[in-house]
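Asks: In case you want the letters, here they are:
2 protein chains.
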Amino acid sequence: MRDLSNDSKLLAINSATVKPWSLEQLVEGCARAGIAAIAPWRDIVQACGVERAGKLIRAQNLTVTCLCRGGMFPAADEAGRRAALDDNKRAVDEAVAIGAGSLVLIAGGLPKGSRDIDGARRQVRDGLAAFLDYARTVKMPLALEPLHPMYAADRACVNTMAHANDLCDELGEGLGLAVDVYHVWWDPNLRREIARAGKRIITYHVCDWLVPTKDLLLDRGMPGDGVIGLRDIRAMVEATGYDGHCDVEIFSAENWWKRDPAEVLRICLDRHRTVV
Amino acid sequence: MRDLSNDSKLLAINSATVKPWSLEQLVEGCARAGIAAIAPWRDIVQACGVERAGKLIRAQNLTVTCLCRGGMFPAADEAGRRAALDDNKRAVDEAVAIGAGSLVLIAGGLPKGSRDIDGARRQVRDGLAAFLDYARTVKMPLALEPLHPMYAADRACVNTMAHANDLCDELGEGLGLAVDVYHVWWDPNLRREIARAGKRIITYHVCDWLVPTKDLLLDRGMPGDGVIGLRDIRAMVEATGYDGHCDVEIFSAENWWKRDPAEVLRICLDRHRTVV
Chain P
5 MRDLSNDSKL
15 LAINSATVKP
25 WSLEQLVEGC
35 ARAGIAAIAP
45 WRDIVQACGV
55 ERAGKLIRAQ
65 NLTVTCLCRG
75 GMFPAADEAG
85 RRAALDDNKR
95 AVDEAVAIGA
105 GSLVLIAGGL
115 PKGSRDIDGA
125 RRQVRDGLAA
135 FLDYARTVKM
145 PLALEPLHPM
155 YAADRACVNT
165 MAHANDLCDE
175 LGEGLGLAVD
185 VYHVWWDPNL
195 RREIARAGKR
205 IITYHVCDWL
215 VPTKDLLLDR
225 GMPGDGVIGL
235 RDIRAMVEAT
245 GYDGHCDVEI
255 FSAENWWKRD
265 PAEVLRICLD
275 RHRTVV
Chain H
5 MRDLSNDSKL
15 LAINSATVKP
25 WSLEQLVEGC
35 ARAGIAAIAP
45 WRDIVQACGV
55 ERAGKLIRAQ
65 NLTVTCLCRG
75 GMFPAADEAG
85 RRAALDDNKR
95 AVDEAVAIGA
105 GSLVLIAGGL
115 PKGSRDIDGA
125 RRQVRDGLAA
135 FLDYARTVKM
145 PLALEPLHPM
155 YAADRACVNT
165 MAHANDLCDE
175 LGEGLGLAVD
185 VYHVWWDPNL
195 RREIARAGKR
205 IITYHVCDWL
215 VPTKDLLLDR
225 GMPGDGVIGL
235 RDIRAMVEAT
245 GYDGHCDVEI
255 FSAENWWKRD
265 PAEVLRICLD
275 RHRTVV
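Heads up: the protein sequence lines correspond to chains P and H, in order.
Here our numbering runs 4 ahead of the position in the first sequence, where the first position is 1.
Here our numbering runs 4 ahead of the position in the second sequence, where the first position is 1.
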């Protein structure tokens, strides 16, 4: 297991962690803080302009671990599924333009009015298969991220590493995995499924599960402030040969998003060295 | 699959659904509404007095599907584990006194300050094994209820039917399962694991998953108001031979708990006949 106690090279800052910042501010802020990698969301890349975002990132020599995010495959009708595919193609083009290591995908939930989760899962498989044809042509790895089961209805009906691994088995080359501790820490099969994932793990995300958690979406904790066995999970991931970054991704409307983002970066770096 | 369209015999009302009511009010209210079964929580049984609760229930000839709930095995030290065992023995004695069909158990979460979910799971297994010795002597079935993974930290670190089935395999006679659609509806292995559970399913609980869900604990929906494929899951459960009740258990601080409980009962009966 890698020693991060003096590291700053393996820390990546996900833009969701410093929500108040634009891409310009994220790039400058990380450069100032000696942080060498970022994982932006599409909204701030688009707001900056995709070409300009790429230039700013290259000018600071920043690594982009991944672009967040595409996916959201299930839809109520064929037009909806086509729109999702078109949007995913734009996302992968954006990922290429900013030199991202991968495009993170989440599955999507139930189409409006549906109670058919098996059907939604079939749509995810079919949508992924169609999208992979395109992603392979531009050689952009796709990192499917299983989300916590509490998002099964409205965000992602792929909720376990086992299910994501099954999809990788079925769909083959070009599809890998994003592992975020927040979504998978509770899984009794985590050790087995991370080992099974092996080289498929493209990107690794950290934060923490707070007790109590006051909001299903926007109350994630800073690494070390919650109950996730972070070191144990990183050991499992690194045992597969993973040698990439640890991306800090914290949705936190009532705490971290209200603080000075520069201070948040300092705390991320400290926790990266001490608890991640 | 049973036809519930004219049924009232297979509906049970969990006391959490009509939170404002005491046990006395629950018993009278169900009798008035022509509902023949209840599933009380321990708090209202204790507030009524256990012996008196048993008398009231028998006087109205009500079925008690289960008593909610015991469990909560992991603790920071041996004294805590002993206290949990003692409390569970009291719970099982209460279940006997009111003629419950089973005592529902939830696993319990991480001990305070712990990040060791594997360790907590070992404590659950050991605590269950010790408690089973006692429960068998009074012939009270224990119904282990896997809870949704969003409760893994603070309420229950047994979060899937597969894990609960594994514990039943290991611990043997006297340990069965409580299946609550709210906790398991998202599970991609649900069909397989319900079939595997077979005759172990002692009690079946219904409610619904709302979109959006505003609170992790207290925002459950009335059957039919959410996205769970209720008929599909009941079909899986009944395919095992389950011929017991459908218990309606709704934690709903901002909606159903604020309504007239007698009206809530009428709606439960209507949904039992039309969507459960």
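These are computed hints drawn from the structure, not numbers from a lab.
Check the hints yourself; a few may be wrong.
Which copy is meant is left open, so a pair is good if it fits within one copy or across any two.
Calculated pairs, DSS-like style, for lysine-lysine (alpha carbon to alpha carbon, straight line, at most 25 Å) [what the hints assert, rightly or not]:
{"#": "1", "residue 1": "262", "residue 2": "143"}
{"#": "2", "residue 1": "203", "residue 2": "143"}
{"#": "3", "residue 1": "262", "residue 2": "218"}
{"#": "4", "residue 1": "218", "residue 2": "23"}
{"#": "5", "residue 1": "23", "residue 2": "203"}
{"#": "6", "residue 1": "262", "residue 2": "93"}
{"#": "7", "residue 1": "59", "residue 2": "23"}
{"#": "8", "residue 1": "59", "residue 2": "143"}
{"#": "9", "residue 1": "59", "residue 2": "262"}
{"#": "10", "residue 1": "218", "residue 2": "59"}
{"#": "11", "residue 1": "116", "residue 2": "262"}
Asks: Hint by hint, say whether it matches the structure.
Replies: A quick look at each hint next to the structure:
| no. | hint | in the structure |
| --- | --- | --- |
| 1 | 262 with 143 | neither (38 Å within a copy, 55 Å between copies) |
| 2 | 203 with 143 | within (17 Å within a copy, 51 Å between copies) |
| 3 | 262 with 218 | both (16 Å within a copy, 21 Å between copies) |
| 4 | 218 with 23 | both (19 Å within a copy, 22 Å between copies) |
| 5 | 23 with 203 | neither (31 Å within a copy, 51 Å between copies) |
| 6 | 262 with 93 | neither (34 Å within a copy, 48 Å between copies) |
| 7 | 59 with 23 | within (21 Å within a copy, 59 Å between copies) |
| 8 | 59 with 143 | within (20 Å within a copy, 72 Å between copies) |
| 9 | 59 with 262 | neither (29 Å within a copy, 56 Å between copies) |
| 10 | 218 with 59 | neither (39 Å within a copy, 41 Å between copies) |
| 11 | 116 with 262 | neither (33 Å within a copy, 28 Å between copies) |
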